[in-house]
Each structure stands twice: as C-alpha cells, then as structure tokens.
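Trainee: The chain contents come next:
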Amino acid sequence: MSRELSDWYQRLAADADARDLAVPGVLRRRADRRARLRAVGGSLAVALLAGGVVIGTSLVSKPPPVPSPAVRPTTPAPSATAGSPSPSAPPTTPGRPPSSSPASPQVTGGSPPSTPVSIPDRAFFNLPPANRTDTAPKFVDRDVLPGLCGARYPSDAAIVQRRTRSLVFKLPEDNIDGNAPDGTYAHTITIYRAGRADDAMNELRRAVRDCPEQGRPAGDASMLTRQRLLSTTGYGDESVLFEMREPNVDINGDPTGGENVRLVRAIRIGDVVTVLWEIGWESGSSPRAQVDADSRRAVTAIRAWLD
Amino acid sequence: MRDAQSFDDFYRSTARRMARYGYAVVGDHSEAQDLVQEAYTRAWRHWGRLAAHPAPEAWLRLVVSRLATDRWRRLRTLRGALRLAGPPPAVGPPTEDSVLLLQALRQVPANHRQALALHYLFDMSVEEIAREVGAPVGTVKSWLSRGRSRLAALLPDLAGVELEANDVA
Chain H
1 MSRELSDWYQ
11 RLAADADARD
21 LAVPGVLRRR
31 ADRRARLRAV
41 GGSLAVALLA
51 GGVVIGTSLV
61 SKPPPVPSPA
71 VRPTTPAPSA
81 TAGSPSPSAP
91 PTTPGRPPSS
101 SPASPQVTGG
111 SPPSTPVSIP
121 DRAFFNLPPA
131 NRTDTAPKFV
141 DRDVLPGLCG
151 ARYPSDAAIV
161 QRRTRSLVFK
171 LPEDNIDGNA
181 PDGTYAHTIT
191 IYRAGRADDA
201 MNELRRAVRD
211 CPEQGRPAGD
221 ASMLTRQRLL
231 STTGYGDESV
241 LFEMREPNVD
251 INGDPTGGEN
261 VRLVRAIRIG
271 DVVTVLWEIG
281 WESGSSPRAQ
291 VDADSRRAVT
301 AIRAWLD
Chain E
1001 MRDAQSFDDF
1011 YRSTARRMAR
1021 YGYAVVGDHS
1031 EAQDLVQEAY
1041 TRAWRHWGRL
1051 AAHPAPEAWL
1061 RLVVSRLATD
1071 RWRRLRTLRG
1081 ALRLAGPPPA
1091 VGPPTEDSVL
1101 LLQALRQVPA
1111 NHRQALALHY
1121 LFDMSVEEIA
1131 REVGAPVGTV
1141 KSWLSRGRSR
1151 LAALLPDLAG
1161 VELEANDVA
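Chains as they are written, first to last, in this note's numbering: chain H, 1 to 307; chain E, 1001 to 1169.
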C-alpha cells in the first residue's frame, strides 16, 4: 500500500517525541555556568599574559562572527560559531523628536543629531596611553546591563543597531604592576529608532528603582546585591548612573568578606544610548573618577561620530 | 535583563518541535539533541533581545540548521559542553520507519533535508521556507521536488506520483 511522505515524517516526529530534552532550568544553569567558566578562563589567561607568559588567545577568545541573514536586525543573528550580534540597519522612520528629558548644559548650542543607522568602530572611545593595557579592546556578544530583578526593556524593540566592546583599563597611577589591569568596561552603543532612546533611559531608571536588592548565584549559594541610583549630570543629553553593591567573592564565587561596588552609567545622545558597565577585574570596586572620565570620553567619541 | 520565566515558557512550547526538526535535519538523535540544546543555550544567552523578537522560533531553527551544517567541525566542542549535563537517559530504539527515513535522508543534500523538514514538520509553504532560508522561491521548489524524488527512489511504497501536485503549491 502506498504511503505519503508526510506519514513517514509523522513517524519520525513520534520517535523524536519519545526522547526528552533537558528541562529548561537545567539548560539555563548550564548555559550560565559555561558563560562563567568562559569569563574565568579569560581572566586567568590575560593575567598570565600580563605576567609574561604567552598563552594562545584562541583558547579564550570567540571565533569571528559569521555574517548571517538576520531574521530581524535587532536580534543577534545566529551563526554556527559562537553568536555575535550582527544586526543590519533598517531605515529609520520619522518619529517623535528626541526626548524632552532634562538636558545637560553640554547639549546646548547644536541641533539634535539625525538618527544614524550603523555604528562604526570610531564611535567607541579610546583610552589615553596611561590607561591602556596589553589587552586590546574587542567586540563581544554579551549582556548590555547587569540583571535587575528580571527587568525587561520594551524599548529593545526599537533598537536599530547595537554593538558592545570589551575594554580593559588600568589606572594611571598604577605603575607598580606595569600593565596589570584594574577594570573592564562592557561598553555598549545602541541606536534607537527616532525618539525612542529616552524610553530606554526611563526604563532603566525604573528597573534600578524597582530592584533595590536581588540575589544572584555565587558558588553553591547565592549572594545579595543592592542597587541604587546615583546623582549624575553633565553627560550627554541625559544620563543614568547606578551602583551595585555586592559581597566580594573568590574565584569560585564564594564570599570572602568585604564589599565591591560596581558602577554602570547609561548616557543618551540624541537617539543613541551608550552604556559603560564597569564589570571589574579580579577584585575591588569601580574607580569613580576613572568611570567619570571615561564617560566623558565616550560622549566625545559619539558626538564626533554623529557630527 | 533576561527573564527566566519567559524563556522557560518558550522552551516548553517549542522544544518538542525543535527536537523533531533537529532529528530530521541531522539524522542522528543524540547529535540532534546536542545541537538543539546548544541552540537553546545560545537563545538563553541572547534572551534579553530575543524575547522581543517576532519569531524567536525561526531564529532557533536557523541556529539548529547552521549548527547541523557545521556540525563536524563543532562536534568536539558540543560533546565537551554536553559532558557537563551527564549521560542522556536510556531510550528505546527508533522505529523501523524512522530508521528507513533517516537512512534515506542521509543521501539527500542538507538544504533539501532542511526544506523537507520545514514543510513536513512545520507545515510551511514554499514561500515561507524561502523567506526563512533566504533562498528564491524557485530554488526552494526545486529542493523540495528533488528531495522528494530522491526519497521516492529510496523509500518503499512512497506515493511519489502525487507529491508534486499535492504539496508544492
């Protein structure tokens, strides 16, 4: 008796159904563990490099992104190699003008920049020589912001393009350790559709305000981080600065006593938002003066790009 | 930034279909399971943005198909990642029909397998498949037609004559 091909596929589907995949919680934990292992591996490798030991960077770095036909430009395009955002840039549509949120004095004296459609490398600021380390900046695929009680950002739907660069720095006065790093920025630049960037800023403010504390995994237990908004003016058209206080942990993620303060600043310039998330190095808090200075550099670089 | 609940909901509502798809495209259940779980791992990594995507399942299918295409090169990495999850549970052997179909599919080019799986497992039209894989409609029609012809020659009792008229609209 003759059979349709769809029957064959139905039998195959039934076979596949008999074999369960992992439950989602297990899968998420495994993914997070992999991300942590990758981060620890990267830190160790760079530390060894700083000590003069040459290690193949291929062990810790991701392969180059593979261009792919993104289903939608705002979403990371899948690739066979490690994923990397490669959004294409759709034309923007006319929308409401850039935000009427309080503007800093720096905004005055110029017309609002038109909405760009792609982010060149030069939009990312360069560190002055005194802050540079042996680790070259590299574009990465990672979260733009720390998790804030599971906050979601509806403005993500209005993203035109987003790029994130990892930038390792050292403090200028830190001459004793040579090129030993003092911190790392996850530096992101995001273009929003016209007039939507201020939504992103408002959502971030709300997310921080609504998440004064949260638990996150640390070793075999969890630790509490506390978040609060800090005063910030004079950066771009508007800015949001917040801190995350968390217990200091060792390489296994176990608390060692003491506390670290991480700083995150988001700055809006027209329809562009840049986020400097200082994710730290081995230990210690984010250096406020350095973060402030680099925030100004970030704004200058973006303004130069937009002009 | 990433909402675990929405990811879990998405996983539960799509994992079964994705496992079928992986199985049909890759032809080996263990390998398909590796690829599908790897795809979901990446989806979780990007979930902050992917959650707002209008078609996250299509995104996943693309990841699975690309991983499948590239699977030999990536196999070692995937195996290493899977070790963390421990051995898979024991399951019964596949049915005879599945074995026959999978053996036949191994003799069909990867893009034909992908088009056939999208059509027969997701009920996607030629136009929809063309959009998803980024190929012209005529090319997809050709893939489906040639894929079916090949399978008709390899599978016993397949109603090959009616396929063209019924399925490629």
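A portion of the hints provided could be inaccurate.
[Said to hold, decoys possible] Per label pair, the in silico range of CB-to-CB distance: (1) H/R122 - E/R1146: 57 to 65 Å; (2) E/Q1107 - H/D307: 43 to 51 Å; (3) E/T1069 - H/R29: 45 to 53 Å; (4) H/P247 - E/T1069: 53 to 61 Å; (5) E/F1122 - H/A289: 29 to 37 Å; (6) H/P247 - E/R1106: 21 to 29 Å; (7) E/S1125 - H/T233: 52 to 60 Å.
[To be verified] Some chain H residues well away from chain E (every beta-carbon gap over 10 Å; in silico): (8) D32; (9) D141; (10) R209; (11) W281.
[Claimed, not checked] Pulled a few chain E residues facing chain H out of the computed Cβ check, cut under 10 Å: (12) Q1005; (13) R1012; (14) A1019; (15) A1043; (16) H1046; (17) W1047; (18) L1101; (19) A1110; (20) M1124; (21) S1125; (22) V1126; (23) P1136; (24) G1138; (25) A1153.
Simulated from the structure, these hints should not be mistaken for laboratory data. We put the beta carbon where it would ideally sit given N, CA and C, even for glycine.
Trainee: Hint by hint, note whether the structure agrees.
Mentor: Verification of the supplied hints:
The hinted window of 57 to 65 Å between H/R122 and E/R1146 is violated, with their beta carbons roughly 48 Å apart. Look at E/Q1107 against H/D307: about 59 Å separates their beta carbons, and that is not inside 43 to 51 Å. Range check, E/T1069 to H/R29: Cβ separation about 28 Å, and the 45 to 53 Å hint is violated. Distance hint for H/P247 and E/T1069: a CB-CB separation of about 45 Å, inconsistent with the stated range 53 to 61 Å.
Checked against the given bound of 29 to 37 Å, the beta carbons of E/F1122 and H/A289, roughly 56 Å apart, lie outside it. Between H/P247 and E/R1106 the CB atoms are about 54 Å apart, so this pair departs from the stated range of 21 to 29 Å. For the hinted restraint 52 to 60 Å between E/S1125 and H/T233, the CB-CB distance of approximately 56 Å keeps it satisfied. Annotated as non-interface, H/D32 brings its C-beta within 10 Å of a C-beta of chain E; the closest such distance is 8 Å.
With a closest Cβ-Cβ approach of about 8 Å to chain E, H/D141 is found to fall inside the 10 Å limit, against its non-interface label. Every CB of chain E lies more than 10 Å from the CB of H/R209, the least distance being 16 Å, so the non-interface label holds. Consistency note on H/W281: stated as away from chain E, and its beta-carbon is indeed over 10 Å from all of that chain's, at 22 Å minimum. Proximity of E/Q1005 to chain H holds as hinted, the smallest CB-CB distance being about 8 Å (cut-off 10 Å).
Because the beta carbon of E/R1012 sits about 7 Å from the nearest beta carbon in chain H, less than 10 Å, this interface hint is met. The interface hint given for E/A1019 holds, since its Cβ lies 5 Å from the closest Cβ of chain H, which is under the 10 Å cut-off. The interface hint given for E/A1043 holds, since its Cβ lies 9 Å from the closest Cβ of chain H, which is under the 10 Å cut-off. Here the hint on E/H1046 is kept, as its CB sits about 5 Å from the closest CB of chain H, short of 10 Å.
Because the closest C-beta pair between E/W1047 and chain H is about 9 Å apart, less than 10 Å, the hint holds. With a cut of 10 Å, the hint placing E/L1101 at the interface with chain H holds, because the nearest CB-to-CB distance is about 5 Å. Interface hint at E/A1110: violated, since its Cβ lies 12 Å from the closest Cβ of chain H, which is beyond the 10 Å cut-off. Evaluation of the E/M1124 hint against chain H yields a violated restraint, the C-beta minimum of about 13 Å exceeding 10 Å.
Contact between E/S1125 and chain H, as hinted, is not supported at the beta carbon level, the nearest pair being about 14 Å apart and thus beyond 10 Å. Contact between E/V1126 and chain H, as hinted, is not supported at the beta carbon level, the nearest pair being about 15 Å apart and thus beyond 10 Å. Interface hint at E/P1136: violated, since its Cβ lies 13 Å from the closest Cβ of chain H, which is beyond the 10 Å cut-off. The beta carbon of E/G1138 comes no nearer than 18 Å to any beta carbon in chain H, farther than 10 Å, and the hint placing it at the interface is violated.
Taken as an interface hint, E/A1153 does not check out: its beta carbon lies about 12 Å from the nearest beta carbon of chain H, beyond 10 Å.
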